[in-house]
Amino acid sequence: MLKFTLGLIASLLGTVHAQAVIQSPNYVIQMPNLNSGAGIPTSSHYGMSATIGQTAQGLATSSGYLVKTGFQYIYSIIPFSFTISPISINFGDLLPQTPASASGTLTVSSGGAGGYEVKASENNPLKVSSSASTIPNTNCDTSCTNTTAGVWSSTSRYGFGFNMSGQDIPADFSDLTYYRPFADRASSESPQVVMSSIYVGRARQSTVTYKVNISGTQPAGIYNNIITFTAIPSY
Amino acid sequence: MTKHKFQIGLVIAFTYLLVHLLIPPVSVRAQEVSLSIAPPLTEITIQPGRSYTQIITVKNDGIPVTISAKIFPFVPFDRQGHVELIEDQNSVNAFSGWFFFDPSPIPLAPTRSHDFYVKITPPAGAEEKDYYFTFIAEVKNDNSLGINSSQAQARIGTNILVRLSKDGNPQKKASLVEFSAPKIIDSFSALSYKVLIGNSGYSFFKPVGKITIDQVFGSTTTLNLTPLNILVGGSREITCIQGEVLIPCKLPGRFLIGIYRANLSFTIDGSGESIEKQIYTIAFPFSIILGLITIFIIYRIIKKLTS
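Protein sequences, first through last, are from chains H and D.
For the first sequence, the numbering used here assigns the number 26 to the initial residue and increments by one for each residue that follows.
For the second sequence, the numbering used here assigns the number 3 to the initial residue and increments by one for each residue that follows.
Just so you know, the hints here were simulated from the structure itself, not pulled from any lab data.
Because the structure is a prediction, the values reported are computed rather than measured.
Cβ coordinates follow ideal geometry from the N, Cα and C atoms, glycine included.
Accuracy of the hints is not assured; some may be wrong.
[Stated by the list, open to error] Have a look at the derived ranges for each label pair, beta carbon to beta carbon:
id: 1; chain 1: D; residue 1: 180; chain 2: H; residue 2: 172; range: 23 to 29 Å
id: 2; chain 1: H; residue 1: 166; chain 2: D; residue 2: 189; range: 43 to 49 Å
id: 3; chain 1: H; residue 1: 228; chain 2: D; residue 2: 106; range: 51 to 57 Å
id: 4; chain 1: H; residue 1: 192; chain 2: D; residue 2: 142; range: 52 to 58 Å
id: 5; chain 1: H; residue 1: 121; chain 2: D; residue 2: 179; range: 26 to 32 Å
id: 6; chain 1: D; residue 1: 104; chain 2: H; residue 2: 192; range: 34 to 40 Å
id: 7; chain 1: D; residue 1: 249; chain 2: H; residue 2: 161; range: 42 to 48 Å
id: 8; chain 1: D; residue 1: 55; chain 2: H; residue 2: 130; range: 33 to 39 Å
id: 9; chain 1: H; residue 1: 130; chain 2: D; residue 2: 112; range: 14 to 20 Å
id: 10; chain 1: H; residue 1: 202; chain 2: D; residue 2: 33; range: 23 to 29 Å
id: 11; chain 1: H; residue 1: 161; chain 2: D; residue 2: 216; range: 55 to 61 Å
id: 12; chain 1: H; residue 1: 172; chain 2: D; residue 2: 121; range: 34 to 40 Å
Throw the hints in and build the complete structure from the sequences for me.
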C-alpha cells in the first residue's frame, strides 16, 4: 500500500505544473488582403481609399488621400508582436563582491514586417528612491560602453549591466561573460539596439541576463530602476 | 504503530493533493507582458489640410496591463529599415496638432485588444514633403517593489509614413549606391550580391526589380528584389524575396563554375525608367585544384621516400 500510495502521489505530482493561460498566437491573420479590421481607413468626409499591393496612382481630389497598410510583398497583414518574460527582475539581497544575476527573455514575431529592432534603455541607474544612492552602471573588467560589450567577470568590478544571448543579438556579446551598461535616459543617452533583423522572423528569442555587483561601501537600501524595451518593425 | 501513523499521514497528504487537483484550476500567469500591434506599417499620401483616420489595434496576450499611446517622429537609423525615435519634447510638440487620439491610459485584460483611432490632419500650410512617425503603445509600470529589482517595461510600435502632397505625385529619384559581388570566388562558395539603393528625390519609394544572373555558358537565375521603402535622403540595403519570404540576394548553393553575369534592373514603384547595372563574377574550383596539388605533392614525397 505504501508503494502504491507513493507511486500515486509521484504520478500526480508529475502532472502538477503551471497551466500557463497566456496564449500567444503570434500568427493570427487579422486582416487578409483587401479585408477589414485593424488598419481600416475611415474618414467622416471622404471615401475610403485603402490599397494593398498597388502602386500609388495619384490622389483622388475627392478623398485627398491614398493609404496603404501592411507590407506590399506580404499578402496578409500579420500583427507585429513582442513579449517580455518576466517583467520583474529580482536580485534579492545584494552582498558585497557577490554578483547577483537574473535572466529574462525577449520574443519578437515580425511575420508581417520585413525585419524589426528592439532597443533598450534604463530610466536611471539602480537607485534608492528615497535617497541619492545609486549603483553605477558597469564599466566591465577593463572597459565597455552602451554600444560595445566587454568581459565582466571580476568580483571586484562593481556596477549594473546586462548580457544578451540567443537570436538576432548584437555581435559584441561574444559569450556569457560579455556585458554592457544600459543606456541611461537620465543622462540623455539614446536607447541601444539589443535585437534586430532585416528578415521576417517568427518567435525570435533572446535572453537578457542582468547582473549587479556591489562594493562593501555601497549604502544600504532598496535599489530599483525601469528598463524600457521598445520593439518596432522595420519600415 | 509508527509505520501505521506514517501510512495515515501519507493518505492524508494524498487526499489533500487530490482535493486541490479536483478544485477548478486557478489561472496561473507567468509574469509575462505580450503585446501585438496591427497594422505593422501605414503609408499615407495626403493633401495638406485633409484628414484621415487610421485604426491601430493593440492586443494583449499577457498579464493584465495598462497601456498608453504616443506618437514620435523618427529618422532612419541605418540602411536596414530601422528607426531612431526622436523623443525630445520639442520635436513631439512640433507635430502635436497633426494627430488626434485618446492618450489616456487604457486597461487591457488578457486576450483583449484596443483600437486606437488615430486621426491625422496635416495643417493646410504644412510643407509638401515626407514626414515619418512611429505610433508607440507603452505599458505602464509599477516600480514600487520592496526588493532590489529592475522592472522591464514593454513598448511596441508601428510606423506611419506620411507623404504630404497636393497632387500625389511628388518627384521621386533613385540612385544605385552599390551593386556588388566578389569578382572571383571558389566554386564551392556562395555568390552573394549586395544591393544598396539611395533616395535623392522628394518622397519615399519602393524599388521594383530583379537581379538576372546568367552563366555565360549555362542557365539563368532570377532573384526578385524586395520592394522595401527607401526614405528621402537615405539609402537602404535591399534584400531579395521568394514568395513572401525575405532572403539574402544569393545564387542558390551549388557548384559554380565559369563566368556569371548579374544584371540588376529596377524601377521606382514599378513604373518609369529602369535603372540597370551589370557586374561579372568568375567562379573557379580553386579548392579542388589546391587539393589535387596537395595530393600530388604528398604522392611525390611518399614515392621519393619509398624509392
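Comparing the hints with the structure gives:
no., hint, in the structure
1, 180(D) - 172(H): 23 to 29 Å, "25 Å, holds"
2, 166(H) - 189(D): 43 to 49 Å, "45 Å, holds"
3, 228(H) - 106(D): 51 to 57 Å, "32 Å, violated"
4, 192(H) - 142(D): 52 to 58 Å, "28 Å, violated"
5, 121(H) - 179(D): 26 to 32 Å, "54 Å, violated"
6, 104(D) - 192(H): 34 to 40 Å, "36 Å, holds"
7, 249(D) - 161(H): 42 to 48 Å, "44 Å, holds"
8, 55(D) - 130(H): 33 to 39 Å, "36 Å, holds"
9, 130(H) - 112(D): 14 to 20 Å, "19 Å, holds"
10, 202(H) - 33(D): 23 to 29 Å, "27 Å, holds"
11, 161(H) - 216(D): 55 to 61 Å, "60 Å, holds"
12, 172(H) - 121(D): 34 to 40 Å, "38 Å, holds"
Consistency note: the structure conflicts with the earlier hints numbered 3, 4, 5.
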